[in-house]
Amino acid sequence: MNRFAALIDRLAYEPRRNGKIRLIADYFRHVPDLDRGWALAALTGALSFRNAKPGLIRQLIAERTDPVLFALSYDYVGDLSETVALMWPAPARPEGPSPQPSPRRGEGAGPASKALSPPGRGLGEGEARPDLGIPLSDVIHTLTHMGRTELPAVLAGLLDRLDETGRWALLKLITGSLRIGVSARLAKTAVAALGALTPDDIELVWPGLTPPYAELFAWAEGHGERPQTENPTPFRPVMLAHPLEAADRESLDPRDFRAEWKWDGIRIQAARAVDADGRSTTRLYSRTGEDISGAFPDLAEALAFEGAVDGELLILRQERVQSFNVLQQRLNRKAVSAKLITEFPAHIRAYDLLVDGTEDVRALPFDARRARLEALIATHPTDARLDLSPLVPFATWEELTAARADPATHGAGPDADAVEGVMLKRADSLYLPGRPKGPWWKWKRDPHSVDAVLMYAQRGHGKRSSYYSDYTFGVWTGDGELVPVGKAYFGFTDAELIEIDRFVRRNTVNRFGPVREVVHARDEGLVLEVAFEGLARSTRHRSGVAMRFPRIARLRWDKPPAEADTLATLEALLRTQGEVAADDDAGAESDGGGTAARPASRRAARRDREAS
Amino acid sequence: MRSAMRPEDLLRPTPRGLYSPAGDFFIDPVRPVPRALITHGHSDHARAGHGAVLATRQTLDIMAIRYGADFAGDTQAIAYGESVEVNGVKASFFPAGHILGSAQIRVEKNGCRIVASGDYKPGIDPTCVPFEPIGCDVFISEATFGLPVFRHPDPAGEIGKLVASLQLFPERTHIIGAYALGKAQRVIALLRAAGHDRPILLHGAMERLTAYYESEGIALGPVKLAREATPDELPGAVVIAPPSSLAEVWSRRFADPVTAFASGWMRIRARARQHGVELPLVISDHADWDDLQHAILATGCGELWVTHGQEDALVHWAGQAGLTARPLHLVGYGEEEAESGDAPATGKASGDAPAEGKPS
Ligand SMILES: [Zn+2]
Ligand SMILES: [Zn+2]
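Protein sequences, first through last, are from chains A and B. Going by the UniProt record's numbering, the residue at position 444 of the first sequence is 444; the numbering climbs one at a time, nothing skipped. Going by the UniProt record's numbering, the residue at position 90 of the second sequence is 90; the numbering climbs one at a time, nothing skipped.
Possibly wrong hints are sitting among the right ones.
Stated by the list, open to error - Short derived list, chain B residues pointing at chain A, Cβ under 10 Å: (1) K161; (2) A164; (3) L168; (4) R172; (5) L246; (6) R252; (7) A255; (8) R267; (9) R273; (10) G276; (11) V277; (12) A313.
As the list claims (entries may be wrong) - Covered stretches of chain B, going by a simulated chain A footprint (3 or more residues, C-beta under 8 Å): (13) 141–154; (14) 278–291.
To be clear, the hints were calculated from the coordinates, so they are not data collected in a lab. Keep in mind that this is a model prediction, so the values were computed, not measured. Cβ coordinates follow ideal geometry from the N, Cα and C atoms, glycine included.
Using the sequences and the accompanying hints, generate a full structural model.
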């Protein structure tokens, strides 16, 4: 448990993706099978045991500490698990000689060669706790097999045997709030890093594996066979597109390509198989291979084809695609209730076919796969929440530009609000895992932009920890006040970062921890051209609007802050959007890593992507 | 027959610091006074501009390094275990174990004995003489880490985390934020004890103090100024710098560094995150919660006065332990730590709320 606790402690502070992978891989390399397997289960969210409620933890600490001291401590630390982990008292030691040293009464007895050490605590020997070497596998085993009534005693017993970091890790585990910025995908990437495998190799066998994954580690380290999984519906690594720049477009021949709408939903892979006895298995996977079937039981049940389909997860009401905001409301819920299913019916809009029946068709060209997909959808029951993403006809780039600018009159009809651009796929492209450059392109609608005034800057993390690289910016209200409308931490070049950082340091008017308030008056301050994908109403922001995917497009040193945009401009945009936020980059690009269940981590995932 | 001295006539809190009406001197005054007894060289305790200063030789040396040779009108050195009479009050100095030269000061007259302990820590520190409990009627203690959440771990274990990180990320420079006086040298000594023998790179702010420790016989191994290091020396190197410099332009010369911070505050995650620290090292030069209790009880005092820090919790504990206890509400201390850039406290004049505020 010690090493696992030390690992997640370090992970909680490590901002870099590569740093996290190295830390996890290093742990896997040095910890024996049973423990590392359970650690992998913990990191991938594969553990299930009875969670402890905060009330129980409060009760345990109340039985053991002075209420005044607990209250002062909790107030100071601010986090219950952390407070309890830190102030949990050492269990009563067996009676032994513990002489109270007598103070030195005389004087001039010479320098401190006869220093008294304080009672009860030998220095340099760490905590006087009986057993620090308690294996993680034992802890998990205990937690998994205890009954409800045993929980308090079991938990207290474990807390007695662990040190501060161990107690913190245990409490985070058992309250189900590890929150260390590690996705299942990242943990699997660390397993792959043990040897010559790729993360996708791990994904392929993963669905058939269970903790503690000894055969997986053996394979990853090169001294075992590939685990034989009897999985009829495995995840197949998805194919991704590159963003299309104007320069790319000039070199491409439109006749080589097919176009589809780029939908603002979640990338999903649905696999369904039927065995000899007619029993079927259905699995839904996120872009990174996370099994999200449990979050969409209605969809999984409704599917009737045999094979594997690649498409977009969308919410449809009266056959109309709903905005990403609506989809997010379903994603945000932990429990899947009947009401949620009725209110937010999940659909798949299919755009590719990986397996037709039992035949793997990934090595066929796009046109051939598309023909098979159309045939499969045509024979699929019409009420079963699976439909076809249509092709967008075009002969020239001008025609496609027009369609992309106005999807509503180019075939998307009432679903146009859920279109965030077009996808271009070479007619002869094979289905290749990863992001090969050339066969697939995404061509998003042009973003919106406003001129906003820099108000606050915060230091970044990792490489950027000495730079003010996270910016809060605002626009003018009717009263001539600046109101913050968003935060951005990328979009600028390295040279621009240095310029902004210098501006922040020279124009600080206030400091709050890592945050500096910079001068932002009508005639003094820095105007930023901020590009963003869309707007949504927000009750959490004082301005009432929230930007999606904002980034710094340009620095407007030339522009006086008084000439920056107003809140009225944003509100007008919000109205023309019809309250439906147009886009979110996540869309087809949504980074799995548990995101289907926890959209909050989408932002982090996106940030990773932008950083790399 | 002499009447017994009341403690308040021997020592009492004033806006300028602890003052002895009987002996007409101050201990660690925060503003210039005619006569000062100084516990140790940290800037919140040792200030320039006093008429006469009585302190250990090392504390006087450190003050001269920081403020220049003429930091006081007159100076007098005193060794651990020695006493001097100041206007009829006997003052004796004993080791406090906090930093090199740090002392507790016992003042006594007419059978009343008060120990002003300054900042102190029990335990082993290779860079200074260990703390010893001194018998007294009134013990004056700080309470920087006076909450039960503060139990400092074994410093060797914390340095072990740093050593492990150096092995895992051998291409990255590891910058450790540490106070220039005391903590920096202790971290170097701990690294040496852990077998790290490469040259350690120093921020300019610690150069003279580190050289002074060496001259006092504390072996710290090879050190050099970070600004004089060649690019090929930076990967895997340990750099020690004042905490405030971690966020400053200074740290940019290092590509993709791991930032560490050696401080008792690193026990609290919100604190570590507030500083953007990736590798928190819980290494403190102050007594932790257990240390405070043991140290206080070991003096045999009947009364406890608490100077700065988390006084509420310590006073509460002392009451339950049967001691008469009260907070002194002294201001202006704990700001050596504030150098770290604990934002709301920095940049403000001394006399404001002490730096040990709640993490925001
Ligand atoms: Zn000090
Ligand atoms: Zn102090």
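Evaluated hints:
| no. | hint | result |
| --- | --- | --- |
| 1 | K161 | 8 Å, holds |
| 2 | A164 | 9 Å, holds |
| 3 | L168 | 5 Å, holds |
| 4 | R172 | 9 Å, holds |
| 5 | L246 | 7 Å, holds |
| 6 | R252 | 5 Å, holds |
| 7 | A255 | 8 Å, holds |
| 8 | R267 | 7 Å, holds |
| 9 | R273 | 7 Å, holds |
| 10 | G276 | 5 Å, holds |
| 11 | V277 | 7 Å, holds |
| 12 | A313 | 5 Å, holds |
| 13 | 141–154 | holds (count 7) |
| 14 | 278–291 | holds (count 5) |
Violated hints are absent here; each numbered hint is respected by the structure.
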